[in-house]
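Engineer: Given next are the chains, with one letter for each unit.
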Amino acid sequence: METEVEAPGVEPRDVSGGVEVAGAEKSFGPLKALAGVSLRAAPREVVAVAGPSGCGKSTLLELVCGLSQPDAGTVQAPPAALMPQRDGLLPWLSALDNAALAQRVAGVARAEARRAAHEHFAAFGLEGFERSRPAELSGGMRQRVAFLRTLLAGRPLLCLDEPFGALDALTRAQMQRWLAGALAREPRTVLLVTHDVEEAVLLADRIVLLSPRPARVVATLDVPLPRPRHRTDPAVVALRERAMEVLGA
Amino acid sequence: MAVLIILVLLGAWEAVVRLGGVDELLLPAPTQVLEALWTDRDLLAPDLAVTTWEVVLGLAAAIAAGAGLGIAMHVSPAARRALRPLVIGSQAVPVPVIAPLVVLVLGFGLAPKVLLVALVCFFPVAINLYDGLRDADPDARKLLRSLDATRWQTLRMLELPSALPSAFTGMKIAAAVAVIGAVFAEWSGSSEGLGHALLTANGQLATARAFAATLLLFLLAIGLYGAFALLERRFAGWTPRSTTPGGP
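In the order they appear, the protein sequences are chains A and B.
Numbering-wise, numbering that gives the first Met the number 0 puts 149 at position 150 of the first sequence, and it's gapless, one number per residue.
Numbering-wise, numbering that gives the first Met the number 0 puts 168 at position 169 of the second sequence, and it's gapless, one number per residue.
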């Protein structure tokens with residue numbers, strides 16, 4: 000890896016909490032990942048990006064998080080906190096120190112960062128596991144620690160990359176309910192990347208459906224449904240089926 | 000199990016020497032080696048202390064130099080391009096050839112021994128650390144970049160801790176081969192140490208004592224390796240490796 004020092008905040012990535020991606024293109028060598036993707040997220044809106052595996056969803060999140068620049072098109076976004084696909088927890092840190100990591104990077108003293116993280120442990124169902132290392136936690140708990148870390152970064156935008164992709168169906172359903180509740184308590188602008196259309200319908204205000212690689216937007220569906228939503232609600236089922244149809248499944 | 004294997008091998012060795020009538024000047028039986036170790040203990044103990052000291056200092060220098068090189072090569076592409084050929088090339092230098100030269104320049108004291116031990120040992124430390132630094136979890140790397148972590152923060156919070164198990168592998172390899180450097184250095188000019196004891200014992204046809212000195216070198220290497228394995232368990236106890244049964 001080559002070293003690169005990026006001055007933070009130089010690029011104009013701020014629309015006061017909202018996201019605006021216009022005609023974004025990105026290639027990796029001969030491989031075209033994004034072929035002109037446009038999407039918007041208003042402040043405090045949850046936008047799900049759904050599409051087949053390997054279609055370039057993670058690439059899109061990297062652009063929004065400012066980790067890479069588009070080859071063409073524009074990306075405007077406020078400072079974002081990324082929750083990577085495989086939780087990205089550091090195996091040598093306790094759950095508490097992992098949750099406090101974002102604040103430690105921001106320069107907050109260890110004791111203060113730990114205290115701030117610990118305030119949320121009960122609400123996140125992590126009480127009693129403060130000193131446990133990630134290997135000692137269940138899959139669902141690891142995701143909660145990772146999400147808490149993302150939340151504590153204090154950024155207006157959260158970029159969640161398939162947050163529950165690695166969980167079993169039962170735990171995933173629990174975690175989806177839990178995330179809906181957590182976002183109701185602490186509203187943020189959220190970009191949720193998922194290959195699970197049902198998850199998108201349950202959690203999002205709007206769903207952007209992507210084609211197989213190179214990704215372009217095939218449809219945008221509004222989800223004007225009241226919360227909390229249940230997977231058996233006729234409206235949820237109908238919307239899920241429509242999304243599946245659009246994706247060609 | 001290891002004990003059983005060693006006992007069988009020693010038993011076979013003993014039997015071959017005793018029954019086969021091998022000249023004890025060529026190959027002493029294990030019991031004769033132990034006897035020499037005991038009777039010559041006053042002769043060998045100071046030599047063991049000298050060699051241990053050389054090896055410990057040399058290892059310390061190797062770890063400091065290896066860590067510095069590994070980190071420099073990781074952080075700076077320019078340093079990597081400049082240093083890598085030298086670092087790799089240094090391992091092609093035959094130690095028995097340069098040992099007399101080092102002694103010629105640095106004299107008969109401690110310095111040439113420490114230098115030669117360090118020369119043999121810094122490479123596994125530097126390369127394993129360098130590889131470990133690069134192998135940090137890409138997801139965690141992305142995460143830190145999204146948090147605007149500085150290069151130094153990424154190194155301190157992610158890369159160095161995640162390279163620790165790999166660095167310990169390098170240090171364990173270094174510990175196991177360190178005595179070779181010390182012995183060659185002593186052979187090139189020394190009046191003490193286990194390498195020196197080996198030479199004089201050979202000269203006096205005291206083969207059993209030479210084997211006893213070799214046994215001490217063997218134990219020294221195992222002891223140093225064990226010390227690093229303990230440190231690893233203490234400081235890198237979070238790795239899957241150290242929590243699975245099996246051990247060293």
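If you are wondering where the hints come from, they were derived from the structure by calculation, not from laboratory data.
Any given hint could turn out to be false.
[As the list claims (entries may be wrong)] 20 Å max Cα-Cα, derived SDA-like pairs, lysine to any residue: (1) B:141 x A:84; (2) B:141 x A:221; (3) B:141 x A:37.
[As the list claims (entries may be wrong)] If you only want the chain A side, here are some residues facing chain B, beta carbon under 10 Å, derived: (4) 87; (5) 105; (6) 118; (7) 120; (8) 134.
[Said to hold, decoys possible] For each label pair, taking beta carbons as the anchor points, the in silico distance ranges come out as: (9) A:221 x B:230: 57 to 67 Å; (10) A:106 x B:89: 51 to 61 Å; (11) B:92 x A:126: 50 to 60 Å; (12) B:75 x A:221: 30 to 40 Å; (13) B:79 x A:167: 16 to 26 Å; (14) A:183 x B:84: 29 to 39 Å; (15) A:121 x B:84: 53 to 63 Å.
Backbone N, C-alpha and C fix where the C-beta goes; we use that ideal spot for every residue, glycine too.
Engineer: None of the hints should be skipped; say for each whether it holds.
Structural biologist: Evaluation of the provided hints:
Straight-line distance between C-alpha atoms of residue 141 of chain B and residue 84 of chain A comes to about 10 Å, which keeps the hinted pair within the 20 Å bound. Our distance criterion of 20 Å between C-alpha atoms is broken by residue 141 of chain B and residue 221 of chain A, whose separation comes to about 30 Å. Between residue 141 of chain B and residue 37 of chain A the alpha-carbon distance is near 23 Å, which puts this suggested pair outside the 20 Å criterion. Annotation: interface hint on residue 87 of chain A holds; nearest CB of chain B at approximately 4 Å, less than 10 Å.
The interface hint given for residue 105 of chain A holds, since its Cβ lies 7 Å from the closest Cβ of chain B, which is under the 10 Å cut-off. With a cut of 10 Å, the hint placing residue 118 of chain A at the interface with chain B is violated, because the nearest CB-to-CB distance is about 20 Å. For residue 120 of chain A, the suggested interface contact is broken, since its CB lies about 20 Å from the closest CB of chain B, more than 10 Å. For the restraint placing residue 134 of chain A at the interface with chain B, the shortest Cβ-Cβ distance is roughly 7 Å, inside the 10 Å limit, so the hint holds.
Checked against the hint of 57 to 67 Å, the pair residue 221 of chain A and residue 230 of chain B passes, with Cβ atoms roughly 59 Å apart. Between residue 106 of chain A and residue 89 of chain B the C-beta distance comes to about 40 Å, which lies outside the given range of 51 to 61 Å. At roughly 59 Å, the beta carbons of residue 92 of chain B and residue 126 of chain A sit within the given window of 50 to 60 Å. Against the hinted window of 30 to 40 Å, the Cβ-Cβ separation of residue 75 of chain B and residue 221 of chain A comes to about 51 Å, which falls outside the hint.
One distance hint, 16 to 26 Å for the beta-carbon pair residue 79 of chain B and residue 167 of chain A, is violated here, with the actual separation near 43 Å. Separation of residue 183 of chain A from residue 84 of chain B is about 59 Å and departs from the stated range, judged on CB atoms against 29 to 39 Å. Judged by the Cβ atoms, the range 53 to 63 Å given for residue 121 of chain A and residue 84 of chain B holds: they are separated by roughly 57 Å.
Comparing the model with each numbered hint stated earlier shows that hints 2, 3, 6, 7, 10, 12, 13 and 14 do not hold.
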